[in-house]
Amino acid sequence: MLAVIFGRPGCPFCVRAKELAEELTAKRDDFDFRYIDIHAEGITKADMEKTIGKPVETVPQIFVDQTHIGGFTEFNQYVQDEALMPQA
Numbered sequence: 001m002l003a004v005i006f007g008r009p010g011c012p013f014c015v016r017a018k019e020l021a022e023e024l025t026a027k028r029d030d031f032d033f034r035y036i037d038i039h040a041e042g043i044t045k046a047d048m049e050k051t052i053g054k055p056v057e058t059v060p061q062i063f064v065d066q067t068h069i070g071g072f073t074e075f076n077q078y079v080q081d082e083a084l085m086p087q088a
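Sequential numbering of the sequence shown, starting at 1, is according to full-length UniProt numbering.
Each hint should be verified, as a subset may be incorrect.
FRET-style restraints, in silico, Cβ to Cβ [stated by the list, open to error]: (1) G53 with P86: 27 to 35 Å; (2) T58 with L2: 18 to 26 Å; (3) T51 with Q87: 33 to 41 Å; (4) Q87 with E49: 31 to 39 Å; (5) A83 with K45: 31 to 39 Å.
Derived BS3-like pairs: lysine-lysine, alpha-carbon spacing no greater than 25 Å straight-line [claimed, not checked]: (6) K45 with K18; (7) K50 with K18; (8) K54 with K18.
Everything labelled a hint here was simulated from the structure, so no lab data went into it. Cβ atoms here follow ideal geometry from the backbone N, Cα and C, with glycine treated the same way.
Sequences are here, hints too, so could you generate the full structure?
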């Protein structure tokens with residue numbers, strides 16, 4: 001399972017999404033992620049809208065296995081719904 005997180009510097013929800021992905025990576029053998037800084041990569045809102053297929057107002061924008069999940073709130077809900085976080 002691969003998550004791709006499109007974010008930007010100074011974005012608290014981007015930080016939270018990255019932290020959640022790091023936690024999943026540490027606890028699961030089948031999970032990895034890539035964080036893409038949209039400013040450093042020169043990715044515009046219009047570029048993301050073309051990829052996602054709908055207007056993009058916020059970051060992060062998160063994909064899991066090439067399926068668009070949404071922002072941090074949706075990603076967090078996805079992790080809960082799919083029971084991805086192993087219980088301690």
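Beta-carbon spacing of A83 to K45 - inside the hinted bounds 31 to 39 Å or not: Holds - the Cβ-Cβ distance for A83 and K45, about 33 Å, lies within 31 to 39 Å.
Pair hint K45 and K18, alpha-carbon separation not exceeding 25 Å: Given that 25 Å is the threshold and the Cα spacing comes to 20 Å, the pair holds.
Distance restraint between K54 and K18, which requires alpha-carbon spacing of 25 Å or less: It holds: about 23 Å lies between the C-alpha atoms, which stays within 25 Å.
Whether the CB-CB distance between T51 and Q87 falls inside 33 to 41 Å: holds, 34 Å
P86 and G53 - C-beta distance against the hinted 27 to 35 Å: Because 33 Å falls inside the window, the suggested range holds.
Pair hint K50 and K18, alpha-carbon separation not exceeding 25 Å: Holds. K50 to K18 sits at ~23 Å (cutoff 25 Å).
Pairwise beta carbon distance, T58 to L2, judged against the given window 18 to 26 Å: holds, 22 Å
Range hint compliance [Cβ, Q87 to E49, 31 to 39 Å]: holds, 38 Å
In this structure, every one of the numbered hints holds.
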